[in-house]
Every structure is written in C-alpha cells, then in structure tokens.
Amino acid sequence: MSTHVASYIYRIWGQRPPFYILIPSVVAALAMVLPLFYLGLRAFQADSGQLLELVFRQRNLDLLFNTLKLTFGVLLLATLMALPTAWLVTRTNIRFKKAITLLAVVPLAVPGYVMAYALLGLGGHYGVFAQLFGWELPRINGYTGAVLALSLYTFPYLFLNLRATFLGFDRSLEESAQALGYSQRQIFLKILLPHMAPALMAGWLVIGLYVMGDFGAVALMRYEAFSYAIFTQYSSAFDRIYAAWLSLMLLALAGSFVLMETLVLKRKRLASVGSGIARPKAASQLGWKAFPAWIYLSVVFLSSIGLPVMILAYWLLLAPPDLSFFLEVPGTFLRSAAAALPAALVAAGFALPIAYLLVRYPSRISTVIERSTYIGYALPPLTLALAMVFFALHTAYFLYQTLALLIFTWALATLALAMGPIRSSLMQTRSNLEEASFSLGHGPIATFFHVVFPRLRRGILASIAIVFLFCMKELPITFLLAPTGYTTLAVTVFSRTSEGLMAEAAPFAAAIVIFSSLSVGMVLNREGNR
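Anchor point for the sequence shown: position 342 equals 341 in numbering that gives the first Met the number 0, and the numbering is continuous, going up by one each time.
Fair warning: there could be bad hints in the mix.
[Stated by the list, open to error] DSBU-like, lysine-lysine: derived pairs with alpha carbons at most 35 Å apart:
hint : residue 1 : residue 2
1    : K68       : K288
2    : K288      : K97
3    : K96       : K288
4    : K96       : K68
Keep in mind that the hints were calculated from the coordinates and are not lab data.
Put together the whole structure using the sequences plus the hints.
Below, the structure is given as structure tokens:
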C-alpha cells in the first residue's frame, strides 16, 4: 500500500519534496483546519430540539440585519471618503498630492477601538466639549458611532486600491468614448466604473470582513452585531453552544462576501486588447472647484486624524491622569511585545516551508496547502478565538488560559500575511543556484540553509515585522484568549474605555497610535520605492 501512495505522490508532484519541507507544511495546513473542526464539534453537541431552537431564534435574524446594516453603512461611508480622495490625487491638478496621499493613509495607525475611544470622548457630561466649552454634546454611540469609528479607520484600504487603479488607467479609452460622442456621465458609468470594479470589490471585501469580525469598536459603542453577541454569550451567559452557532453564522456571512466577490469578478476582462502602451489621463483642471475640494479633504482628515489627536492631546495634556498610569505604559508595551514577537516567529516559521513547497514543488496538493493558510485570516477573529477555546477545553486543557494558546492563535490568524514577503523573495531566487550546490556535492539540507535561506532573510524579516505590528494592536483574539491578568495595550485601552476611564486609557491609546504609525511608515516606504 505504501508503494501505491508513494507512486501517487510522485505522479502528482513529479519530484517528491524533501521531508523537512513537506512535514511542516502539512502540519501547518492541518493546524489551519483545526478551528473549523472544533467549532463544528462544539456546535453540534446540541440535540435536535435544541438545535432547531438555537438556529431559528428571532434574535439571529436581528443580529444578521444589524451586522449587514453596519457593514453596508461602513462600506458606503468609506467609499464616500476614499473615492473622491483617490480621484483628486490621481486625476486632477490639485496641489500637495504627496501630502494628501500621506494623510489618506495615516488613519491606518488609529485602530477602530481607538477611534471609538475618540468619538466617545467628545460628548457626554465628562466629554471634551463639556469640559472646555461647557457644551454637553450628545454622546456618539450605537449604530452611528460604530459606523463612524469603523469607516474612519478602514477607508484607507479602499483609497489605496482605487488610487492604484486610477494611476494605471489607459486614457485612450476615454478619448475614444469622447470621440464617439459619449457624455462625461456615460464615460463614468460605462468605462470608468467597470474598470474600478476590481479595486472596489477588493477594498470592500477587506473592509467588509474586518467590520463583520470587529469587536472593539462595536462593543464600545454597544451595538448588537454578531461579534458583540458572540462575546456576551461566551463571557456573560456562558452559553457556549449558542456562541458556537453564532460563530458559524458569522463565518457563513463572511464566506458569502468572499463568494460574492468571486462571482462578480468572474470572467471580467479589463486589459486593453490593442497594441501600444497605456497612457495616463492628463490632469483635470479644478479651477473654482478646488475650493470645495479642499473643504471636503479638510473634513475627511480632521475627522480621521484630527479627532483622535485632539482627544488624546486633551486627556494627556489638559486633563492628564496620575503619573502612575504613564509609568505602566512601558511594562504593558513589553507584555504585548513578549507575546507578539513569538507569534511573528511562529507564523514566519510556518510560512517558510509552505512558500518553498509552493514555489519549488508546484502541484495541486501544494496549492491546497497554500490556500489553507488563508483560513485563519478569513475567519472573524472572535470566531477563531472561540474555536481555539473549544480546542483547548476538549483536547489540550493544559493550553487553556495560557500565553502559548494566544501565541499559536495569533500565528494562525496571520499566516497568510507572513506568506507574502517570503514567497516573493523565494520567487526571485534562481533555482539554478540550488542545482549548482547539488552538483558540488552538497545535500538538500545544507543547500537550503547555506544557499536558499540567506537570500530569504529580507523576506523573512519583513514577514516577522508585519505580523509583529498586527499582533501589537490586535484586540478580539487577545481579549478572549489572554491569560487572566495578562493585559496588553489593546486590552487596556478597551477595558478602561468601556468603564468610562477616558483619562486613564489615554497613555495606552497614544502608545498604540505611535507604534501603529510604524506600520503606516512601512506602507509608505514601499510605496515610495516603486
């Protein structure tokens, strides 16, 4: 039987991958399937009567409606901010384009829960306006607050996609349409909009998946969406079977968004079929329209950047907390880093053999293993965390409420992020270098560590940095899986804000914003090197 299995592997791969590449890749792929298995196992512990009652509750429909309303509200507002901004910096003669682009990306440094903190700090009796001017503004919370907080944080994802599309658009298509008598409105609807579809769908998918899985902003705003309900069922009601079913419903909703994007873009062909090189469109002259354009940009940037900076400045400078809270920041930062760095190393360690398998031994099996890495990233974070709780309780109780479980779960959630830089570096490494090493009598292990690995160092370091930065500001997984008493920067901001301790949360929120700016710097640095 082993002979048949070996021959089947040879038939698929042509050349069998070395064991030190194959075994870790398969282990990583199985680990990615683990959360789905244990989530389903916990959900189907209900008997048939309980199952019907759990699935067909009226509350589930309410949660579905609330989650969809929140998602589409954020998508609409984010589009209203991202599309005109991308248009202005790519298609018009507006001044200071580099500065506008920078300001449009900076909001990525302000996580959704920090944006919610800023919005909550505006109104109420103890809000900034009441303390400074004596105006007690209504507190922004609920649906409106959640939409604003998440839109102000996520719109840069859509901006970056649309900007890239506008910069690469062939102006000859518009010129041909104008020659045929098309109006500007017809050109937009029939030419520009179809070409924007991939960028819109890609941005909407990223934003939609984030919004559906977000916990921090939704919980702080007290908005009843799936993610908030999952947490309350697990932590307060202790109904873990219902929490598992809510997680499966949220997973199905997220999967439907991925499927929708695939169906919309299926067989769509947007490349020019003529010869020649695509030409960018000449910048449109704004004239008197520059004034309303600058007003619009001012509103966007004052809301997304000015608001959190103003609130943090007030609580840090004008109404600062006790010095002891500032002294807690370094220790909390180090606790966050003590978990984030091992998670980044584990994620990069899993990503390395999978990327090598995919690039050097391409096959259907290696493709399946590579695609499995996206499971953790596509799963809503709270759903992933809950599944890992069930795994620990059922099979590995020694991991329950340990830092190791948090680190492992972070690695699963970020494996897809870790894959990108390593795979790119490997694709740029010539395979004939390995062949030359073999011809000189070196074995596969010596060749990998002395020839291949040194050429992947930049990709590996970039992978570690990306995952590290992600984990430093991650909230939902940390909140559910962190050991009792193990507080990170994100958990501290969330906990103190939810208790109304705005001043005490400010030093930690400022630390997150400053540190998250490093990730924005990486994005802009990459952009500048292109």
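Hints versus structure:
1. K68 x K288: Holds - the C-alpha atoms of K288 and K68 are around 33 Å apart, at most 35 Å.
2. K288 x K97: 20 Å, holds
3. K96 x K288: 16 Å, holds
4. K96 x K68: Status holds; Cα separation ~34 Å.
Taken one by one, the earlier hints all hold for this structure without exception.
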